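With the sequences and hints as input, model every part of the structure.
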Amino acid sequence: MNDTPTYLPESGDWSCAACGEKLTPAPIGVTYLQGGFTITLMTCPKCGLSLVPEHLAVGKMFEVEQLLEDK
Amino acid sequence: MDQQGLRDIEYRCIQEEQPACQAACPLHVDVRKFMGQVRSGDFSGARKTLDRTLPLPTVLGRVCDHPCQTHCVRVPIDAALAMGSLERAVISATGPAAKPLSMPGKGKRAAVMGGDVSALTTAWDLGKKGYAVDVYFPGDAPGGHLRELSPDTLPPAALAAEIEIMGRMNVTFRPGQTLDAALLDTLCADYDGVYVEAVSAPALGLSKADADALTLALAGREGVYCGGFAAPGEPLSIISLAGDGRRAAVSLDRHLAGVSVTASREREGACPTRLFTNTAGVIPLPAVAPADAAAGFAPEEAKAEAARCLDCQCLECVKACTYLARYKGYPRVYARQIYNNLSIVQGARSYNQMINSCTLCGQCEELCPSGFSMPDLILSARRDMVSRGKMPLWAHEFALEDMAFSLSDAFRLMRAAPGETTCSHLFFPGCQLGGDPAASVPAVYAHLRAGLPGGVGLGLACCGAPAFWAGRQDLAEAAMAAFRVDWEALGQPRVIAACASCQATFARMAPDIPVVSLWRVLLDEAGLPAPAGQLPDGPVAIHDACTGRHDAAGLAAVREILAKLGLTVEELPASGKLASCCGFGGLQANAHPELAAATIARRVAESPRDFVATCSMCRDRLAGAGKRTFHLLDLLFPSKAADPARPDPGFSYRHEARVRLKRAVLETVWNDPLPPETPPAVRLVIPEAVRAVLETRHVLDSDLARVVAYAEATGRKFTDAETGRHLAGLAGARVTYWALYEMQGGVAHIHAGYSHRMNVTGVDRQEA
Chain G
45 MNDTPTYLPE
55 SGDWSCAACG
65 EKLTPAPIGV
75 TYLQGGFTIT
85 LMTCPKCGLS
95 LVPEHLAVGK
105 MFEVEQLLED
115 K
Chain A
414 MDQQGLRDIE
424 YRCIQEEQPA
434 CQAACPLHVD
444 VRKFMGQVRS
454 GDFSGARKTL
464 DRTLPLPTVL
474 GRVCDHPCQT
484 HCVRVPIDAA
494 LAMGSLERAV
504 ISATGPAAKP
514 LSMPGKGKRA
524 AVMGGDVSAL
534 TTAWDLGKKG
544 YAVDVYFPGD
554 APGGHLRELS
564 PDTLPPAALA
574 AEIEIMGRMN
584 VTFRPGQTLD
594 AALLDTLCAD
604 YDGVYVEAVS
614 APALGLSKAD
624 ADALTLALAG
634 REGVYCGGFA
644 APGEPLSIIS
654 LAGDGRRAAV
664 SLDRHLAGVS
674 VTASREREGA
684 CPTRLFTNTA
694 GVIPLPAVAP
704 ADAAAGFAPE
714 EAKAEAARCL
724 DCQCLECVKA
734 CTYLARYKGY
744 PRVYARQIYN
754 NLSIVQGARS
764 YNQMINSCTL
774 CGQCEELCPS
784 GFSMPDLILS
794 ARRDMVSRGK
804 MPLWAHEFAL
814 EDMAFSLSDA
824 FRLMRAAPGE
834 TTCSHLFFPG
844 CQLGGDPAAS
854 VPAVYAHLRA
864 GLPGGVGLGL
874 ACCGAPAFWA
884 GRQDLAEAAM
894 AAFRVDWEAL
904 GQPRVIAACA
914 SCQATFARMA
924 PDIPVVSLWR
934 VLLDEAGLPA
944 PAGQLPDGPV
954 AIHDACTGRH
964 DAAGLAAVRE
974 ILAKLGLTVE
984 ELPASGKLAS
994 CCGFGGLQAN
1004 AHPELAAATI
1014 ARRVAESPRD
1024 FVATCSMCRD
1034 RLAGAGKRTF
1044 HLLDLLFPSK
1054 AADPARPDPG
1064 FSYRHEARVR
1074 LKRAVLETVW
1084 NDPLPPETPP
1094 AVRLVIPEAV
1104 RAVLETRHVL
1114 DSDLARVVAY
1124 AEATGRKFTD
1134 AETGRHLAGL
1144 AGARVTYWAL
1154 YEMQGGVAHI
1164 HAGYSHRMNV
1174 TGVDRQEA
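The listed protein sequences correspond, in order, to chains G and A.
For the first sequence, position 5 matches number 49 in our numbering, and the numbering has no gaps at all.
For the second sequence, position 743 matches number 1156 in our numbering, and the numbering has no gaps at all.
Don't take each hint at face value.
Simulated crosslink set (DSS-like; lysine-lysine; CA at most 30 angstroms straight-line) [as the list claims (entries may be wrong)]:
1. LYS741/A to LYS115/G
2. LYS104/G to LYS803/A
3. LYS977/A to LYS115/G
4. LYS104/G to LYS741/A
Quick list of simulated restraints, FRET-style, between CB atoms [as the list claims (entries may be wrong)]:
5. LEU941/A to LEU111/G: 51 to 57 angstroms
6. PRO850/A to GLY92/G: 50 to 56 angstroms
7. LEU111/G to GLU1007/A: 14 to 20 angstroms
8. GLY64/G to SER793/A: 57 to 63 angstroms
9. GLU1007/A to PRO49/G: 34 to 40 angstroms
10. LEU111/G to GLN417/A: 28 to 34 angstroms
11. ARG687/A to LEU111/G: 39 to 45 angstroms
Footprint (simulated), chain A over chain G, 3 or more residues, beta carbon under 8 angstroms [unchecked claim]:
12. 63-74
13. 103-115
Hints are computed from structural coordinates only; laboratory data are not their basis.
In this text, all values refer to a predicted model and were calculated from it rather than measured experimentally.
Glycine included, C-beta positions come from ideal geometry on N, C-alpha and C.
Structure, rendered in structure tokens:
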């Protein structure tokens, strides 16, 4: 059971160009400074390439980066 | 910064000094607050303000001889606020006295010799503090001089009511006493402390010289304090008597509690204040006269009179500075917050953004009546954070990378004129002017070479100002050291700086390197170029560079040049020495883009005229905020590209412009064989709307080109079946960039770009 926060792209039908596989949600490790988390991202089931959506990068991720830098 | 250092810094800010009225009051009634309450009709609040400070408030509120009025800031303008009358109005409007809250009994006893105002004040204060107080006085009722006042001024019932209240505060009145030495001996033996009111006990023959000025301690007697002296020939001041009573009560309280009687008492009694109140522009308003003089102010009259109060504050710096106003405080408060922020061992440093958002422009220091410098405070805080590894990357990293670019071979060039190895002058346009695609650096350089004897070299580089602002003294010094090596090799030329920030940086970091502003040189030595092109029709306003505020010669030169061009200048309110920053200084735009936008918007709103800027960054930021702005060089060396309405070129174009400038001068001035231009990793097409977002996100074209090139070469990308667009990410040393694009004929059409610093395990990393 995967209960980590999930960040999917807001639109699109995405597949991995190299593998030709449809992306599926998968738990992915994220680290920064002293912080480490696991989140769910759309990922290629074959090669493991993960998609960081725009809203995550400029939203929550940016927020947490600043919080960790200010610690 | 240690505690003492913090206090020294705090002392420089005078905003918390008392207003003149409150400082002049021996009891320090908060007159400013009182006036605000009366103005808004809050008479019960105003009464509470009086009750908080005044002993026997229904009495003193009626009979105070208001020394505050002679100190009122309005005196030289029109007339003092009628504090005495307003106090009476508030007392009359708010009814009888209420018993103040008293502290629990302390088990110690004090005696008071005398029944006049100072004695009653001491008894009131000590009773409130929980001491048992016995008041020995001659005659049958206490009050002394208060009993000589007319019933219109002081209804006897008001005094009687306060005396009755004192009885409930553990104060006992002992009438019919002879106040002589024998009684004093007895009281000294029977009580833990004694107050002697000189005006009530003439038999003791005490004078001011017998009492210590600070504590009122009576010489030669432990635990005895003496005040309430009547100065011969001078009218008796009731509020001064109360002031003595309060001072004695503080001494007795401390004596009875066994703590220092002398420590930290400088601010008691009427005292000077350092508060500055700017009265420029204050409109004279006549004092309100009550319709019925005998009855005093009616409530509406009181409100109107109190509305004349100027609410004296300093806030000179805060009024002028968008940054200082943003955080809702003033430098004294900020110093404390910064100190606390630096002292945090664990937890969020919530003032990091405040520390990193100051423009370091120094306008505050110019405006401050006592010379408080936010830049000094902020810079030391930033350096402290850097030295302890606590400077967040978000604050300055992008600006430092931009600086590194300007110091790299892509832009950096230090050369004597063609065919020469040394030079007498070195033209140093700076990285921002060098990054303006419309800038006339080659034309200016040619003009200087033609007009100055001794050879003119060209220096393209960054002076290191961004590192200085970021608290990165190591990088600032390295940039200057590198410059110095070339400067020595070029024969120690005089530096001609086109940018005020460069000029200030040279003066600060390398005071032995002679530096002069380009404007001075054009005016005094090389001469202005022949007039060409169309000049603006109407008057222009000068936006001075904040970093040049102390270069009086440079500021004057700018005005002289504009006059010679035949342009009429309208000065902005904050110009010259008081110039406002454009929001780039101190890296404000980097650490707090939204605040920097507010900073520049305020500047833009100062005048409807076209602006003339002398700093390229200022011009670009003003233009970015929608203000038509000429660079002074646009007027002197006009070109088609130098349109005052041209937008801010943005970070990517600025990089490109620097590279092009270097290639252009190498080719046209030195006739160097140029290496082939490095083709971009992939050609990009970026719509304006997308580019504007990329700018705010600090994503450069080169970052996106790298991602796309990698994705196209390796196939490591995602494809959206609905749109056919690709999305690819690539992690660099610290930042991961993402590009959303589609390929058309080998060209990447960018739809979006973004970045993050977090390391995501499923994202490819660029090989180092």
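Hints, one by one, checked against the model:
1. LYS741/A to LYS115/G: Holds: LYS741/A and LYS115/G sit about 23 angstroms apart, inside 30 angstroms.
2. LYS104/G to LYS803/A: Cα-Cα ~22 angstroms, so holds.
3. LYS977/A to LYS115/G: violated (55 angstroms)
4. LYS104/G to LYS741/A: holds (27 angstroms)
5. LEU941/A to LEU111/G: 51 to 57 angstroms: Check passed, 54 angstroms falls within 51 to 57 angstroms.
6. PRO850/A to GLY92/G: 50 to 56 angstroms: violated (43 angstroms)
7. LEU111/G to GLU1007/A: 14 to 20 angstroms: holds (18 angstroms)
8. GLY64/G to SER793/A: 57 to 63 angstroms: holds (58 angstroms)
9. GLU1007/A to PRO49/G: 34 to 40 angstroms: violated (27 angstroms)
10. LEU111/G to GLN417/A: 28 to 34 angstroms: With Cβ atoms ~33 angstroms apart, the hint holds.
11. ARG687/A to LEU111/G: 39 to 45 angstroms: Given a distance of about 40 angstroms, which is inside 39 to 45 angstroms, the answer is holds.
12. 63-74: holds (count 5)
13. 103-115: holds (count 9)
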